[in-house]
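Please model the entire structure based on the sequences and the hints provided.
Going line by line, the protein sequences match chains A and B. Numbering-wise, numbering that gives the first Met the number 0 puts 289 at position 290 of the first sequence, and it's gapless, one number per residue. Numbering-wise, numbering that gives the first Met the number 0 puts 143 at position 144 of the second sequence, and it's gapless, one number per residue.
Since the hints were derived computationally from the structure, they do not count as laboratory data. In this text the structure is predicted, and so the values were computed from the model without any measurement. The reader is advised that the hints may include incorrect statements.
[Unchecked claim] Some residues of chain B that are not near chain A, with every Cβ distance over 12 Å (derived):
| hint | residue |
| --- | --- |
| 1 | Pro46 |
| 2 | Phe233 |
| 3 | Asn244 |
| 4 | Glu271 |
[To be verified] Below, a list of computed lysine to aspartate or glutamate pairs in the DMTMM-like style, where the Cα atoms sit at most 20 Å apart:
| hint | chain 1 | residue 1 | chain 2 | residue 2 |
| --- | --- | --- | --- | --- |
| 5 | A | Lys136 | B | Glu144 |
| 6 | B | Lys197 | B | Asp114 |
| 7 | A | Lys164 | A | Asp117 |
| 8 | B | Lys224 | A | Glu158 |
| 9 | A | Lys169 | A | Asp121 |
| 10 | A | Lys136 | B | Asp226 |
| 11 | B | Lys194 | B | Asp62 |
| 12 | B | Lys48 | B | Glu32 |
| 13 | B | Lys28 | B | Asp62 |
| 14 | A | Lys168 | A | Asp121 |
| 15 | B | Lys204 | B | Asp226 |
| 16 | B | Lys269 | A | Glu158 |
| 17 | A | Lys136 | A | Asp117 |
| 18 | A | Lys34 | B | Asp254 |
| 19 | B | Lys48 | B | Asp62 |
| 20 | A | Lys294 | A | Asp248 |
| 21 | B | Lys204 | A | Asp131 |
| 22 | B | Lys48 | B | Glu35 |
| 23 | B | Lys269 | B | Asp226 |
| 24 | A | Lys279 | A | Glu199 |
| 25 | B | Lys269 | A | Asp131 |
For glycine and all other residues, C-beta sits at the position ideal for the given N, C-alpha and C.
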Amino acid sequence: MEMSFLVNGVQVEDTFAEGFSMWGSRLIITAATQKWANIAATSMSGFATSVIACDCEAAIEKEIPADESPDGRPGTAVMVYGFSKKKLAASMLSRLGQCVLTCPSTAVFNGLPAKDADTMLDIGKSIRFFGDGYQVKMRMGDGWQSRKRFWRIPVMEGEFLIEEKIGAKKAVAGGNLLIMGDTEDITLKASEAAIDAIHEINGVVTPFPGGLCRSGSRVGSTYAFLKASTNTPFCPAIKHSFKDSKVPDGVNSVLEIVINGLDEASVMKAMGVAVKAATKFEGIKWITAVNFDGKLGKFQMSLKESVESA
Amino acid sequence: MKKIVLTPRGFSMIPIEADVISPDRFAGKTISEIREMEIYYGNKIYPMKEYIHAQGKVAETPDKQLIVIDGDARHIKHIGECMTAGRIVIQGDAGMHTGAQMTGGDLTIAGDVGDWCGAEMKGGLIRVLGNAGNLVGAAYRGSAEGMTGGCIQVNGNAGSEIGSFMRRGMIVISGDTGPFTGVHMNGGEILIFGKAGKRLGAQAKGNGGFIACFGGVTELLPTYKYDTTYTPTFMRLYIRQLSNNLGIDTARYLDMPMRRYRGDLAVGGKAEILVAEKA
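Structure (C-alpha cells):
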C-alpha cells in the first residue's frame, strides 16, 4: 500500500482521483409541488450514470425552496454533463422534451448564469418547436433589468415555460473515492452519510444510483467485445483469488462515489466532506481513490488536499 | 451621487422646453455653465437661469449625477429626454415628454405627469407616483415603434393610447387606463391593476406582447377571441418582478386564474389580453 494519513482514525490513502474535462450544465425545474419537481428531475436524470454507456451523466443537485426559485414555486436543480457542447445540448433537448415538457406543472430555468458560463446553449429555443407555431416568445427586463428570454409552449394541461438559453461550462467529471468497510451494512451506511454530506456542496452531483456505485469500472476486459469490466482489483469477493487485488485485509465491502462538478475546487471539497463523513463510522477500514496513474485525466484531485479543503 | 437642485421660478402658462435638464447634459459642466444653458420659453430662447434656478454639485459623469426639481414643473417639457444614466427626481408635477426617448437611468415624478411620458423610451426606469397623461411610452406620430425597452410605472391612472406601437419593455399602471391602451402594440407588456379602457389592444399584432388586466376591462373588442381560463406560470415571474423590483404589493394576484383572449384578428394579430378571473 502507498502512503496514507488518518482521518477520524481511518486510514486514507495519499493518492488522487483522476478527473476528466466535460461540459456541464445546470438547470432548475420548478413545479406546482416539490413532489412534481422531483419527479421531473428524477425522470430527466434517469439512465445517466456514466458516459460509458449513457448519452450523458446527470443527477439531481439539490432541492430549491420556493422562496429561492425563479418563479416562487418549489424546484429541483439538475446537472447534466456531456463530452462536448453538442452532445450535452442533444442530451438535454431529448431529456427535457420527453421527461420535463411532459411532466405536469413544470417550468425550466437556467441554473448557470451567463457570467459563470462559458457558453449559452439554445435549449429553450429548440424546444419551442414543440409548440407547432403557437409558442410565444417572452421577453423580460429589456433596458432596465437583466435581459431574459423565455418560451411559452401550449400543452394539454396549460402552458410549459422554458428559458431560451441554458448556460454550460467546461467542468470536471470523475472525482471519486472508494469507501471500504468490514461489512456491507456499515459500508453502505457510511457511504450514505458521505452522499448526504456531498449534497450540502453546491455545484456538484453524484450521477450513480443514490450517488453510489457498487460496480466500479476498469478500462478493458478479458472479453474482446467489452471495453470495460467491473473493477476486479477492488472486489472483496475475489481478493484472495485475484492476483493484483487492492482490497486491504479486513475489508469485505467497497462502494465508490463518483462526483461531477462545475469546477475542480467544488469536486475536491465534495470529496473531502465525503471522506470526513464516511470515516466517522466504526468499521470503515480504508479509503482510497481511483486513478490511471495520471495518464488519462486532466485533473488530479488529491484526497489529502480535498480533506484539507473541506 | 452629486446633487443639483433646480427650482422653477414660478408657474407659467407658456410652456418651457428644457431638454437640457438631463444628467447627460449637466455632467462635466460647471454650475455657471448649467445656468447659462439654453431653454425655450414659448418660441424664444433664454438662459435657463431666467426661469429655473440651479444650485448644487456637478458630477463628472452622468451616472453620478442626481437632479432634483424642487417645485411645480408641469409647464416644463422634455425633462430627462434622451437621458442615458443618472437620476432625476421631480418633487411635484412634470410636463409633457418627460423621459421621452431615454435609454437609461432613473426618473421619478412625485406628482402627475403630462402626455408622452417615456415616449419611444429605450431603457431605464420611470416612476410616476401620481397620474399620467395620454400616450405613455407611445410612438411619436409617424414612427413605427414606440417604447422598445425600460419600464414605466404609474401609481395612479393613465390616459389614452398607453403603449401605442409598443415593441418591448414594460408599462405598469396601478390605476385605470383610458381608451386604446396598447393600440398597435407589437411586443412588450402592459399590466393594469385598475380598469382598462375601451378598445384595448386595438390592431395589436402580438410578437410576444400581452396586456394583463387585473382590475377588469370596460369592454373587449369583438376581434379578440376567448381561448381559455388558466393560471399561467409565466405571470408569476412578472408578479414577483413587480413586487421585488418596483415595490408593488402583488401577492394577492399570484396564481389568479386569467381569461386568455387572442387578437387583434382584424390585423391577423397574435397578441394576448389576459383578464384576471376575480377582477
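Hints and how they fare:
Separation of proline 46/B from chain A is adequate, the least Cβ-Cβ distance of about 33 Å exceeding the 12 Å criterion. Once the 12 Å rule is applied to beta carbons, phenylalanine 233/B is inconsistent with being away from chain A; the minimum gap is 5 Å. Distance check on asparagine 244/B: its Cβ comes as close as 7 Å (rounded) to a Cβ of chain A, failing to clear the 12 Å threshold; non-interface status is violated. Against the 12 Å criterion, glutamate 271/B falls within the reach of chain A, whose nearest CB is about 7 Å from its own CB.
The suggested pairing of lysine 136/A with glutamate 144/B holds, with an alpha-carbon distance near 18 Å, which does not exceed 20 Å. With a CA separation close to 19 Å, the supplied pair lysine 197/B and aspartate 114/B stays within the 20 Å bound. Distance check on the hinted pair: lysine 164/A and aspartate 117/A sit about 12 Å apart at the alpha-carbon level, within 20 Å; holds. Restraint check: the Cα-Cα separation between lysine 224/B and glutamate 158/A comes to about 18 Å, which is no more than 20 Å; the hinted pair holds.
Straight-line distance between C-alpha atoms of lysine 169/A and aspartate 121/A comes to about 17 Å, which keeps the hinted pair within the 20 Å bound. For the hint pairing lysine 136/A with aspartate 226/B, the CA-to-CA distance comes to about 18 Å; that is within 20 Å, so the pair holds. A distance of roughly 37 Å separates the Cα atoms of lysine 194/B and aspartate 62/B; the hinted pair therefore is violated under the 20 Å criterion. At roughly 10 Å between alpha-carbon atoms, lysine 48/B and glutamate 32/B fall within 20 Å of each other, so this suggested pair holds.
Straight-line distance between C-alpha atoms of lysine 28/B and aspartate 62/B comes to about 14 Å, which keeps the hinted pair within the 20 Å bound. Under the criterion of a C-alpha separation no larger than 20 Å, the hint pairing lysine 168/A with aspartate 121/A is consistent with the structure, at around 14 Å. A C-alpha spacing of about 17 Å is found between lysine 204/B and aspartate 226/B, which places the hinted pair at or below 20 Å, so the restraint holds. The straight-line distance between the Cα atoms of lysine 269/B and glutamate 158/A is roughly 16 Å, inside the 20 Å bound, and the hint therefore holds.
Between lysine 136/A and aspartate 117/A, the direct Cα distance comes to roughly 24 Å. Violation of the 20 Å bound is thereby established for this hinted pair. Restraint check: the Cα-Cα separation between lysine 34/A and aspartate 254/B comes to about 19 Å, which is no more than 20 Å; the hinted pair holds. In summary, the hint linking lysine 48/B to aspartate 62/B is not supported, as the alpha carbons are separated by about 24 Å, beyond the 20 Å threshold. Among the hinted pairs, lysine 294/A with aspartate 248/A is inconsistent with the structure: their alpha-carbon atoms are about 28 Å apart, more than 20 Å.
For the given pair, lysine 204/B sits about 19 Å from aspartate 131/A by alpha-carbon distance, which is consistent with the 20 Å threshold. Restraint check for lysine 48/B and glutamate 35/B: satisfied, since their Cα atoms lie roughly 6 Å apart, inside the 20 Å limit. Note on lysine 269/B and aspartate 226/B: the hinted pairing holds, with a Cα-Cα distance of about 12 Å set against a maximum of 20 Å. Note on lysine 279/A and glutamate 199/A: the hinted pairing holds, with a Cα-Cα distance of about 17 Å set against a maximum of 20 Å.
For the given pair, lysine 269/B sits about 14 Å from aspartate 131/A by alpha-carbon distance, which is consistent with the 20 Å threshold.
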